[in-house]
Structure formats: C-alpha cells, structure tokens
Amino acid sequence: MSKVNLNLPEVQIREIRINSITGFQGGAEELVNCAKCGLKDNARSFTQCVGCATSKAACMTILVQDGAVISHGPVGCSSCYHEFAFTYRVNSLLRGVEHPTQRKIYSTNLTENDTVYGGNEKLAKAIREVYERTHPKVIFVLTTCAVGIIGDDVESVCDEAEEELGIPVAAIFCEGFRSTVWTTGFDAGYHGIARKLVKPPRKRREDMINVINFWGSDVFADWFAPFGAKPNYITPYSTVESLTYSSEAVATVQACSTLGSYLGAVLEQEFGVPELPTAPPYGVVQTDRWFRALGKLLGKEEIAEQVIAEKKAAYLPKIEELKKKFRKIAGERSLTAYVTGGAAHGHALLSVLGELGIKAVGAAIFHHDPLFDNGEPDNDQLAQRVRDYGDVPNFNVCNKQEFELVNVLNRLRPDLLLARHGGMTLWGAKLGIPSLLIGDEHYSMGYEGLIKYGERILETLENDEFVKNLEKHAVNPYTKWWLSQQPNTFLAKKESRV
Amino acid sequence: MSSVIEQERYTCAIGALQSVVAIPRAVPILHSGPGCGDMIQGFFERSTGYAGGSTSPCTNFSEKEVVFGGIERLRDIVANTYKVLDTDLQVILTGCTAGIVGDDVDALAEEFREEGKPLVAVETAGFKCNNYEAHSLVVNAIIDQYVDMYTKDNESRSEPNTVNLFASVPYQDPFWKGNLGEYKRLLEGLGLKVHILFGPLSDGVTEWQRIPRAGFNILVSPWYGIPIVEHLESQYGQPYTWFPHIPVGANETERFLKQVLSFALEQGAELDKEKAEAFIKRESEAYYEEIDNLATFLLEFRYGLPNHVHILHDAGYVVGLSKFLLHEVGIVPKEQFVTDNTPTKFQEQIVAELASTSSKRKIPILFEPDAGLAQEVIRKLSHEGRGLIIGSGWDKELAKEKDYDFLSAALPSPYRLVMTTNYVGFSGGLRVIEDIYHNVLATYR
Numbered sequence: 001m002s003k004v005n006l007n008l009p010e011v012q013i014r015e016i017r018i019n020s021i022t023g024f025q026g027g028a029e030e031l032v033n034c035a036k037c038g039l040k041d042n043a044r045s046f047t048q049c050v051g052c053a054t055s056k057a058a059c060m061t062i063l064v065q066d067g068a069v070i071s072h073g074p075v076g077c078s079s080c081y082h083e084f085a086f087t088y089r090v091n092s093l094l095r096g097v098e099h100p101t102q103r104k105i106y107s108t109n110l111t112e113n114d115t116v117y118g119g120n121e122k123l124a125k126a127i128r129e130v131y132e133r134t135h136p137k138v139i140f141v142l143t144t145c146a147v148g149i150i151g152d153d154v155e156s157v158c159d160e161a162e163e164e165l166g167i168p169v170a171a172i173f174c175e176g177f178r179s180t181v182w183t184t185g186f187d188a189g190y191h192g193i194a195r196k197l198v199k200p201p202r203k204r205r206e207d208m209i210n211v212i213n214f215w216g217s218d219v220f221a222d223w224f225a226p227f228g229a230k231p232n233y234i235t236p237y238s239t240v241e242s243l244t245y246s247s248e249a250v251a252t253v254q255a256c257s258t259l260g261s262y263l264g265a266v267l268e269q270e271f272g273v274p275e276l277p278t279a280p281p282y283g284v285v286q287t288d289r290w291f292r293a294l295g296k297l298l299g300k301e302e303i304a305e306q307v308i309a310e311k312k313a314a315y316l317p318k319i320e321e322l323k324k325k326f327r328k329i330a331g332e333r334s335l336t337a338y339v340t341g342g343a344a345h346g347h348a349l350l351s352v353l354g355e356l357g358i359k360a361v362g363a364a365i366f367h368h369d370p371l372f373d374n375g376e377p378d379n380d381q382l383a384q385r386v387r388d389y390g391d392v393p394n395f396n397v398c399n400k401q402e403f404e405l406v407n408v409l410n411r412l413r414p415d416l417l418l419a420r421h422g423g424m425t426l427w428g429a430k431l432g433i434p435s436l437l438i439g440d441e442h443y444s445m446g447y448e449g450l451i452k453y454g455e456r457i458l459e460t461l462e463n464d465e466f467v468k469n470l471e472k473h474a475v476n477p478y479t480k481w482w483l484s485q486q487p488n489t490f491l492a493k494k495e496s497r498v
Numbered sequence: 001m002s003s004v005i006e007q008e009r010y011t012c013a014i015g016a017l018q019s020v021v022a023i024p025r026a027v028p029i030l031h032s033g034p035g036c037g038d039m040i041q042g043f044f045e046r047s048t049g050y051a052g053g054s055t056s057p058c059t060n061f062s063e064k065e066v067v068f069g070g071i072e073r074l075r076d077i078v079a080n081t082y083k084v085l086d087t088d089l090q091v092i093l094t095g096c097t098a099g100i101v102g103d104d105v106d107a108l109a110e111e112f113r114e115e116g117k118p119l120v121a122v123e124t125a126g127f128k129c130n131n132y133e134a135h136s137l138v139v140n141a142i143i144d145q146y147v148d149m150y151t152k153d154n155e156s157r158s159e160p161n162t163v164n165l166f167a168s169v170p171y172q173d174p175f176w177k178g179n180l181g182e183y184k185r186l187l188e189g190l191g192l193k194v195h196i197l198f199g200p201l202s203d204g205v206t207e208w209q210r211i212p213r214a215g216f217n218i219l220v221s222p223w224y225g226i227p228i229v230e231h232l233e234s235q236y237g238q239p240y241t242w243f244p245h246i247p248v249g250a251n252e253t254e255r256f257l258k259q260v261l262s263f264a265l266e267q268g269a270e271l272d273k274e275k276a277e278a279f280i281k282r283e284s285e286a287y288y289e290e291i292d293n294l295a296t297f298l299l300e301f302r303y304g305l306p307n308h309v310h311i312l313h314d315a316g317y318v319v320g321l322s323k324f325l326l327h328e329v330g331i332v333p334k335e336q337f338v339t340d341n342t343p344t345k346f347q348e349q350i351v352a353e354l355a356s357t358s359s360k361r362k363i364p365i366l367f368e369p370d371a372g373l374a375q376e377v378i379r380k381l382s383h384e385g386r387g388l389i390i391g392s393g394w395d396k397e398l399a400k401e402k403d404y405d406f407l408s409a410a411l412p413s414p415y416r417l418v419m420t421t422n423y424v425g426f427s428g429g430l431r432v433i434e435d436i437y438h439n440v441l442a443t444y445r
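So the sequence lines, in the order shown, correspond to chains C and Z. Quick note on the numbering used here: the first sequence kicks off at 1 and runs consecutively. Quick note on the numbering used here: the second sequence kicks off at 1 and runs consecutively.
Be aware that a few hints might be false.
With a Cα cut of at most 20 Å, we get these calculated SDA-like pairs of lysine to any residue [unchecked claim]: (1) 193(Z) <-> 162(Z); (2) 402(Z) <-> 441(Z); (3) 396(Z) <-> 93(C); (4) 480(C) <-> 86(Z); (5) 117(Z) <-> 479(C).
Covered stretches of chain Z, as calculated for chain C (at least 3 residues, CB under 8 Å) [unchecked claim]: (6) 11 to 21; (7) 29 to 41; (8) 55 to 68.
Calculated directly from the structure, the hints in this document are not laboratory data. Here a beta-carbon is modelled for each residue, glycine too, at the ideal position from N, C-alpha and C.
Make a model of the complete structure from these sequences and hints.
The structure is reproduced here in structure tokens:
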C-alpha cells in the first residue's frame, strides 16, 4: 500500500510510488506474475511523442464547475485545454448540468526573461488578476517543465494568495519531465484537491458513494438507487462543495482503477472512506463480484443478490444472442481483436471481449501498475481478466508508441481494433481493420454495457467499407525495414528499480 | 497589460513544428518534454499530416535528461528515425527543457549533415516566442541548413518569372492549404511560376531546394514572416514585395495582384502585362456576377441579417475581412480585436491600414492576446441591429450569450472542420459570404 502524505506539496511519481512501468512485451499472464515478484521497466531507443502529466492534471481540474485554472508556464503548455472546455460543454447534459459556464483557463505566458529572473511575481499577479476577473471558488495552479527547472516557489506563492484572497489556491505539481507515466498527472491533480479542498467528514452519509471517473454518462445513479444511494462524481462536473465533502461518502468506487488509484487511497487513508476492494464491473463475472462487494460494503448483501438476479435475468439472454451473432460472422474460426488503451480501461475492454467470445490476440496498454495505491490485489483488472477469460498473448505495455502499434497490427491483422485514446484507430483503419473507439468509459460497464458495446462492435464489423477503401489509399510513413522487424527491436532491457 | 493570457488563440514556439508537418514528406523531431507534441496536436486538431502528431519522434525528456543533458538520447532518436520513418527532410525542434538545459543541437545536426543526412535543427523553446514568430525561425533554419546546400544547382535569381510566396502560417491559419493553393492559381494567372513550399500543391523538398532561383519574393502578412523575406534578400539578393493583410474579395485581391504584377515587371520578369490584366478582369467579372445575383438577398431579406461584426483574429484577417465585409458585403465592422500578440512596432501601421478602410467611419481596434479580456469588452458593447462575431471556437459561447451570429474562422476550431477551403482571393470572398449566410439562414427554422 502506498503511503499518502498530504503534508508534502508534491505527489510522489507513480513509477516510484507504486512501481508503474511503460515498457514490456510478453503475455498478460506473465506480466501479472512478474508484478508479484518485482517488475522491470524497459526503455526504448526510439520514441515518439507521448503526452505528459500536465494535461492529465488539467482535465481533472478544468472540469470542476466553479473553479479557475492557471497554467504557470509558456503559452504552449495549456494550448490543448480548449478541448476540455469543449468536453465540458458538450457532455454537460449527460451530467445534468443545464447551463454549462465558460471554462476559465489562463496561462502566465512565461517568457525568456522569466526563465532568467523567475516567474514567482508574475504568478502572484496572475492569481490575483484571475480572482478579480472571475471570482472562482478555487484556483488551481498547474506547473510546467520550465517552471519546474527554474525552481519557482509555486507552493509559497499559492499559499500567500490563498491567505489574502480567502479561497483555496491549489498548487499542482505536474511538470512533464518528472514522470514517465503521464497518469501521474491525475495523482497530482487529486493531491492538490485533497490538500486544499477535501475537509474531514462532519458525518458519514450512507446515501452517497464517490465515483472517481472522467466525463462518462451517468450510469451509477440507476445502479446505486436500489441501495438507497446516489453517486458523487469526482472530479469532472463536481463543485468545490461536493469535493469538500466527498470525505463523508460511505464508499468510493472507480470507473478506472488507474485513474482514481491515488484519490481512492487518499479518501480511505485520510478520511476513512472505504474503497470498493474489487475491479470495476466489466464482464459478467466481474459485475457479479462488483455488486456483491458493494452489497457487502454497504451491509446490503441481499439487495445486491436481488439486483444481480434481476439484471442477469433481463440481460444474459441478450448477451447470448449477441454471442451467437458473433459466432455466425466468424464461421469456423473465432473472431480476433486487438486492444489499445490506457490501463486499466484497456484491461476492461479485454474482459468485455472475453465475455463476448471474441479472441484477444494482443494489446498495447499505455502503462502498467502492478498494484494500485490501496494495495488490494483484487482491484487488479488485468489479473482478473486473465483469471476469468485466460491469457492475452502479444501484450505490450507501450506509452502510445505508434511505430510499435503499426508493426504489431500489420503482423497480427486482427478482425477488429478497439481503442480508447485518440490517434490509435487511424492505424487500424489504414490497414483495413475495422476500428472502434468509444470515449465514454461507462459505456461497456455492467451487464447492459456488454450489450451496448457488443452492438457497436457488430456495427463496426459489418460496416467495413470505409476502412477497406482507406486501406487502398493509405499513406504510410513507416519504412519496409521497420515493418519487417520484431516490434520490440528498440525496447532494451534495463535494470529494475525495485 | 494583463499578467495572463486567457483563451489563447496561438501557441508557443514549438508549435511551429506544424510548419515542418506542412512540408510534404518532412518530419519534425522533438527534443522536448513528453507533452509538447500532445499539446500542439491538441491545439491544432486534425493536423497530423504525413509524420506529425503521434508519428513524430520525440526524446520525451525525463528527470535524467534534465539533470545530465539529453543530447545522447537525441542522437539515438535521430539515428533510429532514419531506420523507422521514410522522410525527405528532418527538422529537430527543441522545447523548454532542452532550451534551459542548453543541449547543443546545432552541433548534433551538423554531425548528421556531414554524413549526408538532410537534418536541420532549430531552437523553439516555448518561452522564447510564439508560433507566429517561430514559423520564421523554422523557415530560416531550413534555408540555412538545407536549402543552402543545393545552391550549386540553383543559382540565385536565375528564374525571373519564379517567385517564392510566404503567406499563411501553416495550420495557424485554418485556411492555409486552400489559401496557398488560391495564391498559386492567381499568381500563375499572371504568368508567374510560384513556390508555395507548404501543402500538397507544393513540390516538397525539391521546391525548397529551388528557392534561390526565384527572381523575387512575395510576403502577404501583417507582421509575421518578415524575417524570412529579409533573410532571403540578404542570402540570395532577392527583393520582396509586401502586401500587409489577407486579400479577401475583389477589391483587395485586385490590388494585391496589381501590386505583384508591377513589382514583377520592375524586377525584370518577362510577363505579358495585357494577358495578366485580362486574367484579373475575367476573375473579377466572374466574382461580380455572383455579387450581382446576391445583392437582392442582401438588400431585401426581411427576416433579419447581421449588420455589424466583431472579428477576433490575427491582424491580417482582421484588416482583410473588415475591408471586405464593409465594401463588398455591407456588414459594418465595429470594434475589432487582434489576438496574435502583434509586436508594438507593427501596431501603428496596422491601425493605419484599418483606418484606410473608410473615410466615413473610424473602426476601433484593440491589440489583445488575452482573448478573455477581448471578450469582456464585447460583452459590455451594444450596437443597434443583429451582430456577427467572427472568431475561434471560444467565441461561440460569447456569441450565444449575446445572441449574435457566429462564424468560426480562427484557431482553436473545435466547432468547425476546415480542409481545403480558401478565404483568400475572389473565390475566398464568395466563400466567406456563403459561410456567414449559411450560419445565419440556419438559425431560421
């Protein structure tokens, strides 16, 4: 179990805190077993653009309804944030926010002079100006590489402003170079939120369950209703108020164990909110377990059994029908699929495939956490996948290295590519492989999710004319040499950090 | 001046990696933190080209490179780029991390060039400048480190009828592809051979190699890109003619073409002046046929059309669109907002340009890179009649608040998809009209 220490301004990076890695090629079972006895990370001697912690911290703070965000750095370090403003606006209806307000996103626009003389003063002024302009209930200050290297004292500047303005001003340390695992940015965002916003519980609210997630559709309200509880979604679409008293929830559940690993542990260790000790509900068996664990935690085991029985009676026959359709398409052989996405949602999609009887022939998952912050092996979604549906060969831990993905897809030529992050489906399509990306992380959850997601897979397999045409005309910048090499050619072994 | 920038409409220096992406079969190699490429990709959206976005190699600086320097890692990445990617030109762009650490990327590029590799290095640390300025740094670096190696076969000013055109900043101008294509078509109509250097209608690196051959250069820009034409003047003795805003519609396009024509003739280009003028006339007549057809609609549509406009854009568009909308569409430009962080020394001339639009009215102009502040100004304004806002995706929310019509024509552009549309030229003017009134008519149901 990782030690949470809210006294420190910075969160410990993932690769140190929970030994996360970004390079591995082998089998899923091998990886799960390695994780138990010390995992070795592998470095690459060729790499492409990945993504960094700062935008991950940004999405967890920008979508807080009544906050403002300042990126302390050059103007480029916040230039993708308009995408979160778009997300906030278009997904607001899914979360019952009828009048989404304009997102308040600022950059201190650091220049060369500031890198010489320091940016403290500029930041101090910026915080006050943002306060005057928008009167937010919280100001989040995100750090960037330049600020991290020149050594601005962001923590002190924020603390002073907080005292003067009387609202929380949270310094969030998420410089890109600090961690090779970009999910550290989520942890950094949560760390700042926990330090500055979350307060000790005044009471325990039996009717409120925290759901740590992105901006997916509201499926939990229906699921929690029989248990007499409502979801408290954190942190996108939350408010300062709802974050402050997330400490009073009766439990915390995760939509993605990787995303909320740190916040779940903070809420449990510091505020006494127990985290559900099982992986999120993807696949029938895991959904059973999930409802049972929830029932147990809430002391409502009977209700859990009732919910499971009712839902299974309603949905299992439909799942069987879907499986039949897949078998019909496949004929003699079995349908094959490749998955690319972040941990642990990528693992979840592998479970969905397992349930639908589609053979997972490989996966490229952006990083791997051998054990989450709560130290609970039952939260390991990959271990669960392997246990419930068997091994996944060609399991690649790969932080969006497109060249490896292209190489592997070109070799495996699966019937289907499932992706969860932008940019990856393109290569399936260029190779003529029907490719599906669903951003809503809740879409395939639970028994009913299997049907919804399964139907989208069917539709994707059936409507392949577009990818078949694209394949004929696709531009390919990769050399013939590279496509004939082993995908791990540039992946070198290095010493374990353990 | 405010101490922050809200709702940024441009990005930092490393954003000029898109200028490399815009050169057919060229690849940017980022010597930067792991998130820089992602940020740039997120800002421009749908802009990965041949080897941009997730394809671009990057050293992905970690703590180790920050402490010990990243040049060895860069050497590996560059060497392996040649194995993995099939490209004609490689350009290393540095980020803040490499800039502060002080890695000598020039020396590294030199090493590879000595082995005959077409490798260019340019310092684009984000704190140095924005991408409007860095575009010139990138182009000049390619001229110095690549084009200059081919001068033996490409004698300076050996083709008096050939020109190099520097206009749109690729991708930062959402219409860059279409605009460059239209400039090329129009200038070819005058009898010139045109290097546009970026986009699918250019000839890629071969065209770059031929830059010195051109008799002169054309700059269409309010202020950015000047270092390029100045550099070429000193490097290859090429003079340049400068048109200071985007020519949209007939008036300004004719002015632009006539300016180029007379400059070309002065510089000894062998053009058939009469034929060139006939070309301009024919284009103009075709344009006015459309305006003629449209005038009844503009004059008589009785359910309401916008009568005034606020534009939030770079200075070239603000001036070009203001002139066009006032004289050729009848929409009156009210307060205008230049969001490109125009250096102070160019502001006076831009103000004068805009003032010359009309002797009857004064068009207020505000230079404000903090677009949140610009929006605040607009929030407090009120003019008679139906308003129109032309700006970036950020302004859609503002337009909704004010119940104005809205046209997305600047970055970032989450609400509009642009591929090869041009706003430049006669046809560009017509397209602007189509886009405005398409949105206006779509409000009726």
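- Item | Hints breached by this structure | The structure breaks none of the hints.
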